[in-house]
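Given only the sequences and the hints, what does the whole structure look like? Please build it.
Line order of the protein sequences matches chains L and U. Mapping the first sequence onto this note's numbering, position 34 (from 1) lands on 34, and the numbers just tick up by one. Mapping the second sequence onto this note's numbering, position 12 (from 1) lands on 12, and the numbers just tick up by one.
Read the hints as simulated data drawn from the structure, not as lab findings. Remember, predicted model here, so these are calculated numbers, not experimental data. Honestly, I wouldn't trust all of these hints.
[Unchecked claim] Over 10 Å on every C-beta distance to chain L, these chain U residues come out as not near it, computed from the model:
hint : residue
1    : E20
2    : R22
3    : G28
4    : G72
5    : A88
[What the hints assert, rightly or not] Going by beta-carbon spacing under 10 Å, a handful of chain U positions derived as facing chain L:
hint : residue
6    : Q41
7    : L43
8    : F45
9    : F65
10   : T78
11   : Q103
12   : Y104
13   : P107
For glycine and all other residues, C-beta sits at the position ideal for the given N, C-alpha and C.
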Amino acid sequence: KNQVEQSPQSLIILEGKNCTLQCNYTVSPFSNLRWYKQDTGRGPVSLTIMTFSENTKSNGRYTATLDADTKQSSLHITASQLSDSASYICVVRTETGANNLFFGTGTRLTVIP
Amino acid sequence: GAGVSQSPSNKVTEKGKDVELRCDPISGHTALYWYRQSLGQGLEFLIYFQGNSAPDKSGLPSDRFSAERTGGSVSTLTIQRTQQEDSAVYLCASSTRDFSYEQYFGPGTRLTVT
Chain L
1 KNQVEQSPQS LIILEGKNCT LQCNYTVSPF SNLRWYKQDT GRGPVSLTIM
51 TFSENTKSNG RYTATLDADT KQSSLHITAS QLSDSASYIC VVRTETGANN
101 LFFGTGTRLT VIP
Chain U
1 GAGVSQSPSN KVTEKGKDVE LRCDPISGHT ALYWYRQSLG QGLEFLIYFQ
51 GNSAPDKSGL PSDRFSAERT GGSVSTLTIQ RTQQEDSAVY LCASSTRDFS
101 YEQYFGPGTR LTVT
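Structure follows, in structure tokens:
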């Protein structure tokens, strides 16, 4: 069964600290994996996209990693800011069609001063 | 440029009433998606439109749900005889048909059925 699981479900960190969010998937065949940031009351916004051959990709203070062998991805946030408070959603696409997306339930990150 | 817009942003309706939710995709995007996001749940795929092809309705939870896309642009999601379990945020996304199929999401419509 195609699934995407994220951990932790929620996380609270102090401003300036680093954190790492996890995404494990069983989706097959794999096409790409995308991390989204969703602010409260807003739609998700894409942070990074990773294909099978990519191990790491950075977008500012966000760095995503992908291990296609173990089917795991992580999103590392460095020097967190209050504006990083949001839900982070991992989405995996299969190769079998443009609408075959599998969404994780997200990690709710709260950055406190 | 303008992003995906949705209206209304919030909708409160009584059980049994019909509701219509609107989505204006990014101009030129041929693909349009509707999702439902319930509290504490992941995004749930509802329906997908691609150009002039027949829509993929495989995610619609019941025959009370329907959607149209007129002229390849604006889409309307209709929920008939609403139930309390329909309460959720309904998100619309659009994308171009390229390799990455990146979806751009609208802000969503929060539907509350009382």
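Looking back at the hints listed earlier, which ones does the structure fail to meet? Those not satisfied are hints 9, 10.
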